[in-house]
Amino acid sequence: MIWLLAFQLAIGPTEHYEHAKQDLAQRKFSEAASEVNAALHENPSMVPALVLKARLASFAHRPDVAKSCLITAITVDPTSEEAQFYLGVFFYEQNDFKPAISPLQAAQKLSPNSPLPVFYLAMTHEALGNQSKALELYQQAENLSPQISPQTAEIAVAYGRLLVSQGRAQDGIEKERRAIEIDPKSRDAHYVLAKGLEQQGDFRNAALEGELALTLPEANASDAEIHYLLTRLYRKLNKPDLAEAHLEKFLALKKTTQK
Amino acid sequence: MLIGVETTSRQQGSIGLGKIKLAITRREFVRGLAALSSGTMHSRALSILHTTSAGDGQSLSAAGQSADSAIVFENTIKASKIDFLLKNSVSPQRYSIETMTGGVAVFDYNNDGLLDIFFTNGAEIPSLKKSNSSFHNKLFRNNGDGTFTDVTEKAGLAGVGYSMGVAAGDYDNDGFVDLYVTGFNCNQLFHNNGDGTFTDSTEKAGVSGVLKRGKPWSVAAGWIDYDNDGLLDLFVVNYLDYSLSTAHSCKTGNVVDYCSPDEYRGTPNILYRNNGDGTFTDVSQQSRISQYLGKGMGVAFADYDGDGFTDIFVSNDSIPNFLLHNNGDGTFTDVALRAGVAYNENGKAVAGMGTDFRDIDNDGMPDIFLTAMYGDSFPLYRNPGKGQFEDVTETTGIAAMTSRFTAWGTGIFDFDNDGNKDIFAAGSAILDNSMEVNHKPYPLPNFLYRNLGNMRFKDVSGEAGASFSVPAAHRGAGFGDLNNDGKIDIVVTVLNGEPQLLMNRSQNHNHWIILKLVGVADNRDGLGTRVKITTANGVQYNQATTAVGYNSSSDKRVYFGLQNATLVDQIELVWPTGVKQVLNHVMADQILTIVQSSSSKKSDRPH
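Going down the list, the protein sequences come from chains Z and A. Going letter by letter, the first sequence gives residues 1 to 259 in our numbering. Going letter by letter, the second sequence gives residues 1 to 607 in our numbering.
Here chain Z stands alone, though its shape is the one from the complex (with noise of 0.2 Å):
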């Protein structure tokens, strides 16, 4: 029993993190939490641990745990580029746009060459309606993003869905043509790329990639979206019957979402 506890005693807080990592990574969801609870027992200002709870807490709807232990990580070190980003994460998650940008900001300089908390930054000046801002930040995202990767693809994604509700419609369906190419099972991708197409007035092509979103593993666009636009689609095709089965299928959607 000794040998059991000094063994224990002898795992210190970073294998403890170590194996919450790996739990999180497997989706072991209470493992991981009482490993990184024993890595903060032992260790209260491990800023890793503290982000990866935060995280957890988050999965957990637990928001008043996760912005707590945020808040505790970046006291302890604000030069965590990972504590401030999850920080900014987790108020864009709760709407809560304004103070988002602050520590997304404070990632972004720490950690000059990734793009997510740029990528984040982006959604949280569109979300405050700061569009040109957005804009701007979205090509800083893309420009430093790999090549092909999955990142790029949401970047794209997100960058085309902002150009095609500013109604410019060619460059919104340029970036989701991107996004395709890298991911195309991408179902945002492909319901914004009928989107533009229907901006164009391209009605024929727009309903075909709607048709195809609605194949894929469902995203954003939910299939009361897709069948709505297919609706409309169809009915400037001239062809009713089609736009009848879509319309059935949205509504019976939305009587199902009302319940």
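If you're looking for bench data, these hints aren't it; they were derived computationally from the structure. It is possible that some hints are incorrect.
Stated by the list, open to error - Listed next, with one range per pair, are the computed distances between beta-carbon atoms:
id, chain 1, residue 1, chain 2, residue 2, range
1, A, PRO92, Z, GLU218, 39 to 45 Å
2, A, GLY328, Z, PRO240, 22 to 28 Å
3, Z, THR256, A, GLY113, 53 to 59 Å
4, A, LYS458, Z, ASP171, 18 to 24 Å
5, Z, PRO240, A, VAL539, 28 to 34 Å
6, A, PRO471, Z, SER30, 44 to 50 Å
7, Z, ALA60, A, GLY462, 40 to 46 Å
8, A, CYS250, Z, THR256, 42 to 48 Å
9, Z, ASP171, A, GLN286, 51 to 57 Å
10, A, GLN286, Z, GLY201, 38 to 44 Å
11, Z, PRO146, A, ARG265, 26 to 32 Å
12, A, PRO471, Z, ALA60, 46 to 52 Å
13, Z, GLN105, A, ASN496, 48 to 54 Å
A virtual CB, placed ideally from N, CA and C, is assigned to each residue, including glycine.
Could you slot chain A onto chain Z? The hints should help.
For chain A alone, coordinates are given in the frame of chain Z:
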């Protein structure tokens, strides 16, 4: 063909001031000087100071004005002597009604040619009584010199209950505009007696707004001749099935909050048909209006499909909007879904607030705009005809300009008289604790979106004057030319604050025409009349309506900005009963009264 036409025109002439030629009468010149010296900035006086001829060194563009001259407003509420505070009785329980009052009517109650202003007001909570004069609805008479006089007591318009909105219309065709006031617990019809007084005729008329289940929460109303019989009928917009005694509290975290409309069921709207004898019949059921349960906030009328019957658009809160197609046989059908105006372009029902229904691209087909909540954008639906609307919110730039705001009152008017109708929106969040709950500010500024003429809009709020940078809890907005200078002014209500009297001080040389319609076979106000004008710059369309925006009622006169055209080649009117009337070669820059001619032809086709 006899056309009864009176003009309030400006006599062209030069008043010997060097090379300056002034297009005003001597009377207006003197009035303007008096206003200047008294501190009320009469815009006509301003234009005297700034008008130059081409020989004075400042050359005008070929269009007769600086092409990019700003649309500018000045808030003259202090100088106006309007003493009104909109009281909503905020309670710790935060009853939903507290967020919703604030209607305003801009109308000429005494037929002196000047627009007067009527404000609705709240009441004590929970008694819902206007326990003292601070809760009274108020009528202010326009004195013609920039000031207004409170004539509420004489008029008898203090009202009862927790009032919401107002609709102005001459329902008995006696030449005097009446008022219908909606409320949470009480709706009232005030008959204008023509002598400065009004009589509460609600019971006699049968328009109390009470249904079998009780009195629903009425928010807005509008006057419409839906059956083209020459009499104004009344459409009442109802909101939630809500009662103070059964309302529950809502919270966000630990903060008591106003409940979302999702927490309550919707209610049917009401259509009252005018019997022509001072009474109305509730035809909600036979018209099929009552089968549609809504959470209505705003209403606007237009004949969107050109079939000669006025249709109804209702902006609903967080559920699909209604586009009630007038079938021409006394019934309506909601076609919003098929027409593409029920949802926004992502298939989402927005938190619809105020609305206007007007031709924004001069193609003859009325388009729809509504304000909404932050995150929604304010939808703009273009009507290309054939019963289908296009959501152009994104392509016009409106989405980018509105997605982070909430707004209430709204109107589509040509504020700079350049021939393109612009959009005004009265900004404010919904929750007075919005910062605590949503991390967003409660008071917001007003917004002005200039129509660039190519289905693009530009946010020109920042250049519209100091009044546009003042955030407040704005609610309703009424539109009309309060000083008859040819430029549209705006009255905006503010919760727990004094209203804003936004006088249009735009400095340009654009011409204009205002049409005051007088129906004979048709309703006296001419509401529902469709108007097409032709000038050297092209054609424009509009219609006579007072139902504009949120909870509010605007001037019934029909406004057109003419840019540099000094002549209107043709004015074509199609009255609701089908009478068609044409005027040719009409001078610009006048308020023209057009009396419906009895010898005009009934139009075979609506357009």
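Going down the list of hints, with the structure as the test:
1. Between PRO92 of chain A and GLU218 of chain Z the beta carbon distance is about 42 Å. The supplied range of 39 to 45 Å therefore holds.
2. Checked against the given bound of 22 to 28 Å, the beta carbons of GLY328 of chain A and PRO240 of chain Z, roughly 24 Å apart, stay inside it.
3. For the pair THR256 of chain Z and GLY113 of chain A, the supplied restraint of 53 to 59 Å holds, since their beta-carbon distance comes to about 57 Å.
4. Distance hint check for LYS458 of chain A and ASP171 of chain Z: the Cβ-Cβ separation is about 19 Å, which falls inside the suggested range of 18 to 24 Å.
5. In this structure the hint that PRO240 of chain Z and VAL539 of chain A lie 28 to 34 Å apart at CB holds, the actual value being about 32 Å.
6. Checking the proposed 44 to 50 Å range against PRO471 of chain A and SER30 of chain Z shows it holds: the Cβ atoms sit about 48 Å from each other.
7. Evaluation of the 40 to 46 Å hint for ALA60 of chain Z and GLY462 of chain A yields a pass: the beta carbon distance comes to about 44 Å.
8. Distance hint check: the CB atoms of CYS250 of chain A and THR256 of chain Z are about 24 Å apart, inconsistent with the given range 42 to 48 Å.
9. At roughly 53 Å, the beta-carbon separation of ASP171 of chain Z and GLN286 of chain A lies within the given 51 to 57 Å, and the hint holds.
10. For the hinted restraint 38 to 44 Å between GLN286 of chain A and GLY201 of chain Z, the CB-CB distance of approximately 43 Å keeps it satisfied.
11. The beta-carbon spacing between PRO146 of chain Z and ARG265 of chain A, approximately 53 Å, falls outside the hinted interval of 26 to 32 Å.
12. For the pair PRO471 of chain A and ALA60 of chain Z, the supplied restraint of 46 to 52 Å is violated, since their beta-carbon distance comes to about 38 Å.
13. One distance hint, 48 to 54 Å for the beta-carbon pair GLN105 of chain Z and ASN496 of chain A, is violated here, with the actual separation near 37 Å.
Hint compliance for this structure: hints 8, 11, 12 and 13 are broken, all remaining hints hold.
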